[in-house]
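Chains as they are written, first to last, in my numbering: chain A, 1 to 321; chain B, 1001 to 1321.
Straight line, CA to CA, 35 Å or less: simulated DSBU-like cross-link-like pairs of lysine-lysine:
hint : chain 1 : residue 1 : chain 2 : residue 2
1    : B       : 1023      : A       : 133
2    : B       : 1128      : A       : 55
3    : B       : 1219      : B       : 1133
4    : A       : 133       : B       : 1055
Computed footprint of chain A on chain B; a stretch qualifies when at least three of its residues, placed anywhere within it, have a C-beta under 8 Å from a C-beta of chain A:
hint : region
5    : 1103-1117
6    : 1127-1134
Simulated coverage check for chain B against chain A, where a stretch passes if three residues somewhere in it have a Cβ under 8 Å from a Cβ of chain A:
hint : region
7    : 1159-1168
8    : 1283-1289
Please keep in mind that the hints were generated in silico from the structure rather than gathered at the bench.
All figures in this text were calculated on a predicted structure; none of them were measured in a lab.
Beta carbons: idealized from backbone N, C-alpha and C, even for Gly.
Residue strings, one per chain:
2 protein chains.
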Amino acid sequence: MNKGTLALLIHGGTENWSPQRWKQRFDEVCGDRRVLQLPDAGFDPADVHYAAVWKPRPGELAGFPNLRVIFNLGAGVDALMADPGVPKVPLVRVAVGDLTGRMSEYVVLHVLMHHRQELYLRASQREKRWAPKFQWPASAVSVGIMGLGTLGVNAAHALRHLGFRVSGWSRNPKEIDGIKCFHGSAQLDAFLGQTDILVCLLPLTPDTRDILNRGSFAKLNRNSPMGAPVLINAGRGGLQNEADILACLDDGTLGAASLDVFVQEPLPGASPFWSHPKVVLTPHNAADTDPDEISKYVARQIERFEAGGGLENVVDPARGY
Amino acid sequence: MNKGTLALLIHGGTENWSPQRWKQRFDEVCGDRRVLQLPDAGFDPADVHYAAVWKPRPGELAGFPNLRVIFNLGAGVDALMADPGVPKVPLVRVAVGDLTGRMSEYVVLHVLMHHRQELYLRASQREKRWAPKFQWPASAVSVGIMGLGTLGVNAAHALRHLGFRVSGWSRNPKEIDGIKCFHGSAQLDAFLGQTDILVCLLPLTPDTRDILNRGSFAKLNRNSPMGAPVLINAGRGGLQNEADILACLDDGTLGAASLDVFVQEPLPGASPFWSHPKVVLTPHNAADTDPDEISKYVARQIERFEAGGGLENVVDPARGY
Chain A
1 MNKGTLALLI HGGTENWSPQ RWKQRFDEVC GDRRVLQLPD AGFDPADVHY AAVWKPRPGE
61 LAGFPNLRVI FNLGAGVDAL MADPGVPKVP LVRVAVGDLT GRMSEYVVLH VLMHHRQELY
121 LRASQREKRW APKFQWPASA VSVGIMGLGT LGVNAAHALR HLGFRVSGWS RNPKEIDGIK
181 CFHGSAQLDA FLGQTDILVC LLPLTPDTRD ILNRGSFAKL NRNSPMGAPV LINAGRGGLQ
241 NEADILACLD DGTLGAASLD VFVQEPLPGA SPFWSHPKVV LTPHNAADTD PDEISKYVAR
301 QIERFEAGGG LENVVDPARG Y
Chain B
1001 MNKGTLALLI HGGTENWSPQ RWKQRFDEVC GDRRVLQLPD AGFDPADVHY AAVWKPRPGE
1061 LAGFPNLRVI FNLGAGVDAL MADPGVPKVP LVRVAVGDLT GRMSEYVVLH VLMHHRQELY
1121 LRASQREKRW APKFQWPASA VSVGIMGLGT LGVNAAHALR HLGFRVSGWS RNPKEIDGIK
1181 CFHGSAQLDA FLGQTDILVC LLPLTPDTRD ILNRGSFAKL NRNSPMGAPV LINAGRGGLQ
1241 NEADILACLD DGTLGAASLD VFVQEPLPGA SPFWSHPKVV LTPHNAADTD PDEISKYVAR
1301 QIERFEAGGG LENVVDPARG Y
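Please model the complete structure; the sequences and the hints are all you need to start from.
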């Protein structure tokens, strides 16, 4: 019997999501397993046992009657969970060190940018003003991380190493050395009240949608040396109420924001975020997935699965991540 | 006998160097020792045994016949070493955890800014372009740190924690876990040849003046995913040849530069650095000294010295730092 075919369904449109690049990497690591890059005319859909996907079209996955596992090539699976046409087989999300490290780079960079007053310093440079301002140390700033999965915990440790006070909030109780942990809706207000820089790395689920809203921002600590609190969202656009962010930046409830994700992506040209002086905007590139690392991760999981072993990082449909 | 008087000679002119703020902190930590904030009319210069200084005027320190120790309130002592009017008594520079941590914040921030293509991303935001570019991981970038004293070693560890490859170059041989160490002029070219981001934290001495010049920049690694190499100077302006930096940025020998220090400070308004699109400029605020921490450090050293103990971090006049 032939090994099950792996079908790649990749629709990105950006440089990093070149389907050819992914096909090449998967061919290298999949040995004699057939790897299809869809669309492809010459194959029988019944042979496809595995799908590796990035933004598949709604219903596209329903065309494979013998699908056994779906691998999502990024960390967020909210779009797949929302598609009723996705077959009810195990859905695996990536959790590789490379992706985790990239997210920590992003979080540390943006926390440091706000902590070290980069918006002020870049404006001073543009205006040719040599005007150093009082600078507080990292130990005077409390960073609060929403979401204590692999990504959140790694970012927390990186920030601790630089001297920040770090706390975290998650759905279920956690204990992490050096990190003050809060959990559940009952402890959300206490978590927010001691947070100067709020970093959101939550998955998007019905429970977390719109969690970054005026009510949350108004509860953040206003008595830090930074003055008004700062929001950093590298989770999903659906976590944030964008009208609230804009209004809170303008009335001083928030001092600044770094946003990597948006309700609509690419962000429309008419969005006020582009030119807002208190917004640091990135085009959903906080943590790119690396074809080298991810293709090996998928190939390794398929081999183990065919040998009768378990899959790792399977999404729990009840939780939604 | 009275305790020796401590005289504060502080000339800063910026918010962070308010002499009143320093006087207040020193009064708090010096017990019953008299603390003078100069100029002050009512005292006998012969009573002054200790001076804590920041940018004293040339010759100003010569007016104290019984001076025993001079404390410089920052890390760099090049200006004091160059002043022949400074009495030949032990000169102590600050080395406190607070200053070290602040410098690591600066180094990590600026390494990450260049690594994560912030100049490109900010330009994209200004132009309202959603255009993610290929992003390499930290493990693909080699950061080379010139100067492996307290500051350099701390920054090296912080960068290692984020996944960068880190090497260092110093005058004398060092062994540091996880850091590839080069030393002396014989190994300078080998160090530069494997460096993608060059971070300079050297003291300014006759040996290091002008060390950041076209010859050095041309030897940096050009085969990294970053393309052209990057310079970060948070040491002293005298370490850099500013005409060479500008010419090398313009002809592509350097891809970008973060500069915290300049030959002339404040940087004159006519300097091309202000508006250069490849320059990230900060007003010599990479590592501010905190009056709280530094005043305690000085008071502690005086107490130990009067009890017959040794001084820490005394400058070696032969080395110049």
